[in-house]
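**Q** For reference, the chains in residue letters:
There are 4 protein chains.
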Amino acid sequence: MRQIRLGMIGGGEGALIGNVHRIAARLDDRFSLDAGVFSSDPDRSNAFASTLGLRGYGSVDAFINGETARDDGVEAVSIVTPNHLHADAAVKCLDAGLHVICDKPLSATAKQAARIAQAVENSSAQFFLTHNYTGYPMVRLARDMVARGELGALRLITVNYVQGWLANPIETEGHKQAEWRTDPVQSGAGAIGDIGTHAYNLACFVTGQDAQTLSAELNTFVQGRAVDDNAFVNLRFVSGMRGSIWASQVAIGSKNDLSLKLVGDRAAIDWEQENPNELRFSKIDEPTQIIARGQMGSDKWSRTPPGHPEGFIEAFANLYGDVADCLQSGQINHSVPGIADGLVGMSFIQACQISHEKDGQWTPLA
Amino acid sequence: MRQIRLGMIGGGEGALIGNVHRIAARLDDRFSLDAGVFSSDPDRSNAFASTLGLRGYGSVDAFINGETARDDGVEAVSIVTPNHLHADAAVKCLDAGLHVICDKPLSATAKQAARIAQAVENSSAQFFLTHNYTGYPMVRLARDMVARGELGALRLITVNYVQGWLANPIETEGHKQAEWRTDPVQSGAGAIGDIGTHAYNLACFVTGQDAQTLSAELNTFVQGRAVDDNAFVNLRFVSGMRGSIWASQVAIGSKNDLSLKLVGDRAAIDWEQENPNELRFSKIDEPTQIIARGQMGSDKWSRTPPGHPEGFIEAFANLYGDVADCLQSGQINHSVPGIADGLVGMSFIQACQISHEKDGQWTPLA
Amino acid sequence: MRQIRLGMIGGGEGALIGNVHRIAARLDDRFSLDAGVFSSDPDRSNAFASTLGLRGYGSVDAFINGETARDDGVEAVSIVTPNHLHADAAVKCLDAGLHVICDKPLSATAKQAARIAQAVENSSAQFFLTHNYTGYPMVRLARDMVARGELGALRLITVNYVQGWLANPIETEGHKQAEWRTDPVQSGAGAIGDIGTHAYNLACFVTGQDAQTLSAELNTFVQGRAVDDNAFVNLRFVSGMRGSIWASQVAIGSKNDLSLKLVGDRAAIDWEQENPNELRFSKIDEPTQIIARGQMGSDKWSRTPPGHPEGFIEAFANLYGDVADCLQSGQINHSVPGIADGLVGMSFIQACQISHEKDGQWTPLA
Amino acid sequence: MRQIRLGMIGGGEGALIGNVHRIAARLDDRFSLDAGVFSSDPDRSNAFASTLGLRGYGSVDAFINGETARDDGVEAVSIVTPNHLHADAAVKCLDAGLHVICDKPLSATAKQAARIAQAVENSSAQFFLTHNYTGYPMVRLARDMVARGELGALRLITVNYVQGWLANPIETEGHKQAEWRTDPVQSGAGAIGDIGTHAYNLACFVTGQDAQTLSAELNTFVQGRAVDDNAFVNLRFVSGMRGSIWASQVAIGSKNDLSLKLVGDRAAIDWEQENPNELRFSKIDEPTQIIARGQMGSDKWSRTPPGHPEGFIEAFANLYGDVADCLQSGQINHSVPGIADGLVGMSFIQACQISHEKDGQWTPLA
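Quick mapping for you: the protein sequence lines, in order, are chains Z, E, R and F.
For the first sequence, the numbering used here gives the first residue as 10, with consecutive numbering after it.
For the second sequence, the numbering used here gives the first residue as 10, with consecutive numbering after it.
For the third sequence, the numbering used here gives the first residue as 10, with consecutive numbering after it.
For the fourth sequence, the numbering used here gives the first residue as 10, with consecutive numbering after it.
Excised from the complex, chain Z in its bound form:
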């Protein structure tokens, strides 16, 4: 199968998520990473690109000019910059006809988000948002089980996304990842944007429902921090389903503890990101079943048999696989997170911030 020629904006030396995107894109051999903008300093960008064997550029404009001028220029671009730079890069790529694979959240501000949405509408190119947790096989199985009615009418969803890495003010100690994530200009929000949007996206993905209103309590526990580092959010859905999200970055001992519990009137499911290869399924009054990755049809999103653990990177690669399917078929697949999901995520952040300012008042999502 022909590989899709991929570029990258952001993700220079030492960046965590850039490297994850590169591995994920490569895992199933459906993309070739050919070029990138890895720094606003052309020399540094080139130097890093050359260690990867890629064409390097010092700006988005140079990248687009260079690549669109080539017969073998990139067709799609992964944008893995801090949030406030997504819009500029995405709009330019989309305007140039390049497909965009954008890290989440969509942007730092509603205005930036709107610019991207407009560009998507005007472009023939496709747009994807890497809500990577939707790539886990057992999350997809959960979604399918819900859609098949195996849980009955949904009553409750709780999604907790609990980390501890920001328990201390490491953003003041030269920690790059922490710096931009706690700078409101670059990030637009704290825990609620960085991980809360993942939690909310997961809730929507698995249930097939968007919340109507929410009530949010945002906290900042680390002194001097300009964004929230903890959030309790309650959700109301039109269907009558109720939900809650807890997002925290100060919970010492927790690493990347994203978990989901979904309760219907006939059955319930539980899933934990740190133990992703199983899905617990409980029918009323029956023993809980541990569905292993590979069982019950989940092998279609897997590379190895049950008992050979797959993880974060494989899930991320599943999303890249979906992107490749969409690009090669030219079809939009609405179960792959895209611009609509990005806007929903932004409305979630905004509603949280508004509700919080109003002391938890129930607030509609835009």
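One thing to keep in mind: the hints can contain errors.
Heads up, the list lumps identical chains together, so a pair's fine if it works in one copy or across two of them.
The calculated DSBU-like cross-link candidates involving lysine-lysine, where the alpha carbons are at most 35 Å apart (straight line), are [what the hints assert, rightly or not]:
#1 K185 / K292
#2 K185 / K309
#3 K309 / K292
#4 K185 / K367
#5 K367 / K120
#6 K185 / K120
#7 K101 / K185
#8 K101 / K120
Read the hints as simulated data drawn from the structure, not as lab findings.
Fit chains E, R and F to the supplied structure of chain Z, relying on the hints for placement.
**A** Just chains E, R and F, lined up with the frame of chain Z:
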């Protein structure tokens, strides 16, 4: 050591919690159960009492008259009736100088609670409330670690108490336990009273703090049910600590899933009631430690060495042991739940109900 | 129901297992502990007895003389001495017509065991051996599932009993429990007797089969220790089933880690003593089921609903409940461990020791 | 960094392990897979090669002739055929100066193994054996902790490798993976070769010790099967350490349940392949620590932070990374499994088979 002569009101044939109280009282051989009111029908009460080898009575009055007239009459009484009957029994016992060990919550209404409080004030007898989860050794160790400052300044507490046994309207199908618990007159509240008060009590017990205000979202998922069967509650403490409680009785697959996570600025702890013999302790940037029951001083609340699991009944018996200590020393031990804790629990229920009526408005606890 | 009058030999101040027997006997209120020999020093025995409110004796003979002379003398006796003292006490009690509840293993030597067996045969009294792990509800459910054929033809059983408390030579540092257990005269064997017999008994109990031959590798890792502190044993059964037992007392970090895996040609089960309230059941090519205590009929051996953990003491009390049933009905229940199981356990120890001396040669069980 | 040009022999359409090798080689971008022999039918081989965008060949000879004739021919070859074909392919590649990355076990017979060993000795090319479980970060951390003396003197190692996929005779139902693995000519051994060698390798890798003698009990539970499908093996090491291995392919419910417990006289460690991102570390009389992948220096074998699970493929890729290091440096790294480990594995299989024939007699490893 001399045994304390104990009576019981409630807990007749087939009652779950009455039997638990009886076993717990007996476990460490510090009480002899001698008499009880097991039914308002004297014949049934006598019949059940005689199977236990006890003196049976058909009413609280008869019980008090009978027992206080004997030289070897009971000295203390366990009250394990539905909530709305606590007050009448407790007041009469206290007025008669009998010590009271009362199941939680304190009562079905604030008015009933006030009557009990008044009676406690007027009586020379002691009053205890069986918030039995405070009897678990690892919960007590957690409290002590907090008090010693091992977690640093407290930031967050989450307590979830999740059950699934009321997912269907079993109260309409002759299920006795469900019937009175879902009747607002008998119970005063649904999940929030039956298990939410345990969760809140645990939060207070371990942290040594009471919440100042709360915001509650109560739900009733089962059609026709007259009380809440799910609740999301957020808590604010004067210290700046924030908390959340999730209490549910419709979460299919969950049995008695009470769990606690407490986060300070130096360390955090995790505990789960269904796996009660270990406490997870995470210092910042260090591997999480699994403290086994019996380690770190927790042996003083244990009967067996590590690896020999103790459970619900042993924890309940620890509370009865505390009661025996108080009664035999004549000293009040404020770490044993008593009338103050009962009133706090009632104010928690009331604040939840008020906040819920005001669509989640932050509401002070009385 | 009338209580059975119980005596105790052994289990004086500070003894672990004596206290466990006392609690277990009391838990369901079917026994009254009335008398005991708690020391060979009459004064110490009396002193300890009086703290328990019991009649104390300084010797087995005095105990038997005293008790049999009373109208309300004890009917049954729990023997919880070191192994080498079982025979003398048991024989005297049996000869006096007192039922015996004896701790395991049966004795320190085959000769002692034979004396007990002879006394049982000659006595009208019943004899029970406290292989207490058979009292766990999920172990009993496992046995019943096997008997009903739910696993198909049995292929494999592995039972590991792994502890770490003897990793250091604590027997030389005044640790009473360690002292007699590592003295070959008092114990008769090390890990293989103290815990290996439990493991082997569990294998037999759940499968309904006894091994035909075994091959054993015994080790002593702690210098100067006169008994084994680790054993690997392989088992062959007539049915073609194969098994293995690992018993260790030097596995640092392990507390009382007894676990069982049983594999048939249709399904398999897993159980862990430190997490005793669930049984894992795996049918071929289906998700593993977590059967909770209380489900699938296991409530009949339980006192509380699922999610309210029961543990070591409750399991022990189940065995005392069986004993009470046997004594009150006068019927022998062969599923309650008795003299036959005791002899089987002794033959297991002996075969292990013989096989070990022959460098692992397959050795028949007597 | 320049990519190493890689070829593959075996691993055609539908083969599990071939695909794992391809992903693992690609993950860190250090290899380019350029050519392969995917079938002995040149058309099928070419067809499959072309779907991967590679040069296809119909025989090892054609492959070697074709590739060595090219300036850009492959430099290294992954051999992922059934065991009995390893020797022919490996010898030819080594003789042609191509580095070999060979799946385990080394071969189906000792004679084949000797041929490979001879070819390695005569060749300037390097030889690697994919004992991929040594690639897990926490396994490597365990090895380093042992080497640093953190466990003290080693006493015990148990490695269990338990699967259930061969519980039924699926080799007679067209299951390709099962067919060759249960054919003694193609595999050379059953469970003991397929997974027992992994278990033994892991024991040696982590402890730094080889066993001196072993005692093995091999079983075949599935009727008509010509190889063992279960094995219990005990191990003696010169140091005094003792060990046991249980390898099974008929344990229904078990997927790929490889676990390791290593006990020293100061501390012990536990690791489970199905939960590979943590290592349990227990010092004597201290709470067990859960070391997360990424902590205690294990980040050097990781691509993502703690809490972002890595799995089987990432571990496999770590081994390919080691191979790339060795090839690019020209240095042999003895901690990367090679020909010596392959011969040790063959001697393990052979000793198991000899011991089994002699009814478990302790047998030296060659």
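**Q** The structure should be examined with respect to each hint, and the outcome stated for every one.
**A** Status of the hints after comparison with the structure:
no.: 1; hint: K185 / K292; in the structure: between (46 Å within a copy, 23 Å between copies)
no.: 2; hint: K185 / K309; in the structure: between (37 Å within a copy, 19 Å between copies)
no.: 3; hint: K309 / K292; in the structure: both (24 Å within a copy, 22 Å between copies)
no.: 4; hint: K185 / K367; in the structure: within (32 Å within a copy, 44 Å between copies)
no.: 5; hint: K367 / K120; in the structure: both (22 Å within a copy, 34 Å between copies)
no.: 6; hint: K185 / K120; in the structure: within (25 Å within a copy, 57 Å between copies)
no.: 7; hint: K101 / K185; in the structure: within (26 Å within a copy, 51 Å between copies)
no.: 8; hint: K101 / K120; in the structure: within (16 Å within a copy, 64 Å between copies)
The earlier numbered hints are all upheld by this structure, with none contradicted.
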